[in-house]
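Same order as they appear, the protein sequences are chains Y and P. Per numbering that gives the first Met the number 0, residue 0 is the first one in the first sequence, and the count goes up by one each step. Per numbering that gives the first Met the number 0, residue 0 is the first one in the second sequence, and the count goes up by one each step.
Worth flagging that the hints you see were computed from the coordinates, not collected in a lab. Any given hint could be a false lead.
[Unchecked claim] So, partial list: chain P residues that the calculated Cβ filter (under 10 angstroms) puts toward chain Y: (1) Glu72; (2) Val339; (3) Asp342; (4) Lys362; (5) Thr365; (6) Pro367; (7) Phe368; (8) Lys377; (9) Ser379; (10) Gly381.
By construction, the Cβ of each residue, glycine as well, lies at the ideal position given by its N, Cα and C atoms.
Spelled out from the first residue to the last, the chains are:
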Amino acid sequence: MAEGKDHNNILDEVTSGEYKYGFYTDIEMDTAPKGLTEDTIRFISAKKNEPEWMLEFRLKAFKYWLTIAEPNWAHLHHPPIDYQDIIYYAAPKKKPSLSSLDEVDPELLDTFNKLGISLEEQKVLAGVAVDAVIDSVSVKTTFTETLSKKGIIFCSFSEAVREHPELVKKHMGSVVPYRDNYFAALNSAVFSDGSFCYIPKGVRCPVELSTYFRINAANTGQFERTLIVADEGSYVSYLEGCTAPQRDENQLHAAIVEIVAEHNAEVKYSTVQNWYPGDKEGKGGIYNFVTKRGLCRGNHSKISWTQVETGSAITWKYPSCVLKGDNSIGEFYSVAVTNNYQQADTGSKMIHLGKNTKSTIISKGISAGHSNNSYRGMVRVAKKATNSRNFSQCDSLLLGDKCGAHTFPYITTGNESSIVEHEATTSKISEDQLFYCQQRGIDSEKAISLIVNGYAKEVLNKLPMEFAVEAQKLLAITLEGSVG
Amino acid sequence: MKETNSSVLESAILKKFSNLTLDHADDSDYMTQIRRQAFEAFKSGGLPRRTEEKWKNSKFDQVLENQMEFLTEKPEYNTEVSEIFHCSIHGFTTQVEAFLNGWYYTPNKNPLKVHDNGLIIGSIRAAQHQYPELFNLHFGKIAQHNQHGFSVVNMGLFQDGLFIYVPDGVFVEESIQLIKMVNAAKKLMINTRNLVILGKNSRLSLMHCDDSVNHQSSLINTVSEIFVGENATLDLYKLQNINDVTCLINSTSVWQSRNSRVKVNVITLNGGTIRNELNVDLQGEGAEADLNGIYLMDKKQQVDNQVFVNHAVPHCNSSELFKGILDEESTAIFNGYIHVNKDAQKTNAFQRNNNILMTPDAKVDTMPFLEIYADDVKCSHGATIGQLDNEAMFYLRQRGINEKDARLLLMYAFAAEVTDKIDITPLRVNIEDMVKKRLRGELSICEKCVLHCSTPDIPLEFEIDLSKI
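Using the sequences and the hints given, assemble the complete structure.
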């Protein structure tokens, strides 16, 4: 969101509620030919000057991918995806090696300004280090110098492969192995870029790290990969935002996010996902199939996921925590909004392996229009995870009688000293609340926006400040036109 | 199903299917056709495996490699029913309908009894010939016969079952008690199928007891179809108290018409591997379903409750409450499913599953699902897995109650939320006693009764001085 706008005027923006990020920037692209074969993977790897071990990893993943079938258990309906009709690599041409922002392609900078994430402004005002990934390639990482003084590595994934191969080799695939699922295997084979972040022992990252993803070129898929490693006693807060231009055809986005938290480390990962959701008839939009998982490897470690999902025609996403270390903590806060013909099947997995582990899941689903919004979550307490504790709450709000809200929790407990609680409710906006607002002169659309924001507050409060503002606006925009 | 990996049981079933025409020569044309269709469905589908979503963590795949036999011929019985089946619940008389090894037990060769008020009770085999219009109208229409392999097998191979028809406006005063016993020297696969039809404004209370009297590992596969007419009331009690090696699939499907009321209590006290499927289809406005269950498992037993409630029309209420205590190495699965159709506005649906684990080896899987397509609804669900409340325990202990008794008392209180819902007082008292006995680790066996109920003369109390509390 552009800086300087009056944040109190969120509701005014509701009226202009078409997808705001639907512009397309004419940047010259360097693309791979359509389709996926071993050659495509060799092409991507060669383009990125990757070492041999990386290529081997990709090919192994590709071979495995060929043997498995697309999962169909999710509550989603879409025409089959033609994996041969996708361009797997698209990079802004003449990618310069940049040392300052002035050298960035001005058109690209303009794109970011339109997005409201002006690199310069953000850099100065918000103190956020941004790594922007446009169509698969990481364009610019700001603030690197400040970070490097503390020993923090924050760079594009390909850079990390070149500069820090030992770290990448050690951690890549340790949380989400390429055999994990269909889309993870696909990503492992064709991923083009992403972000890498390493926080050394005992360091508290002074700024919030941020990645911005954007799909720009037509017919391309975006396959980025994020790896965050928080060493003993460190802390980092990481933000991720996504947008895409308006297009009639569906585009595929299959990403992987891996987080490793060692002893006493804490990672906070926040996402505002606003991929193009398709138009009012459900045409176009991004297919978002993402595997996000954090591993609390060390004792007393903590991983917290916060997500605001407003975009994508299809969302298939289950940010998870594997609580391996004793006394480790996993958290998941989510607001998922679907409107028109959007479909979301999202939730979280909490796998308790260590003793005295704790997890919390708060999920708020809002469905409007003809959309379907499902929460699918898993809580598994292993036999050895004694004295573990989980609390899950998933509420669904229905706006209109043509949408659906579903809850599919899977809970397994294998020992007698743990406590697992799950509760969920589904309802519509209460007539009383609506009446109260309207009687005070707030029209129904604004009233609904207000009530929905209040309903999602519990989660929005967990977002870093700048994101919270953007998320509130997004909620309002997504729900525009859903009333009546 | 591929021939190469078909299991021992599947092969036996296929063989049995190929004898269809011989085994069921007396079938009506309608029935023959249904059995043929089931045969075709089984050939392509086979039996469910653990890999299937609805059978995840189920122990039923163990049964696949068992050599089972079928009792094709109805055995001859000469004894009076009351000599074998003797059930005395103080102050509670029932009309006993007994099945032995899956065959309707009639000492007087009369498979269908017609009462003065028009109530018809008897064997489903006889009913298909004598009341074809009633039978063909409902049979196979209420239960989804292609739900899974076992229901397909039941459709094709069912040997006998109970048929009840309650005419419009008839209140059946005496509860009907359906007792299914297994007593055979061989391992049997028993497929029975019941059809219960309640006319308009009628009332029926039905007890469905599954029992075994020997220690063979049988596979009992029962499907019950129940049609509940307009403004009719049904109370259904399912009591399960079988041996530790028997596998039981008890699938009950209920179709509810306008303003009908159905109350189901599933009481699972003992059993090797039990799968209870309960499908309730609310097809008339104003219908109400109250579904309750309690399961108390130990050893290596498993109970799997699959409860599906379909809200097809507006203004219906449903409530599910399932509670369980898991001891030793027992496991429990609960999958509740509330489906609210697009037009089913003003729906109230509630679902809760509470579990207590007593040992580190017990395990619970719970999946309380909601699928909702209407906006003006109130739906909620909750699930907990935990242990006895430490504070409550402390409270009892500090009043001088020993640990064992305190635990029993708390467990009993936990179960009481479900057993309290039984409306027939003598039956409730009896089931409460059975629960107490079960919690004390005694298999509630009394000499004569197959139901293993307690004798009413000896009151069952905990050895607790209640004045201390």
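Checked hints:
1. Glu72: Constraint on Glu72(P) not satisfied, violated at 45 angstroms.
2. Val339: Check passed: Cβ of Val339(P) comes within 8 angstroms of chain Y, closer than 10 angstroms.
3. Asp342: 8 angstroms, holds
4. Lys362: 5 angstroms, holds
5. Thr365: Status holds, d = 5 angstroms.
6. Pro367: 6 angstroms, holds
7. Phe368: 5 angstroms, holds
8. Lys377: 6 angstroms, holds
9. Ser379: 4 angstroms, holds
10. Gly381: 4 angstroms, holds
The structure fails hint 1 only (numbered hints given earlier).
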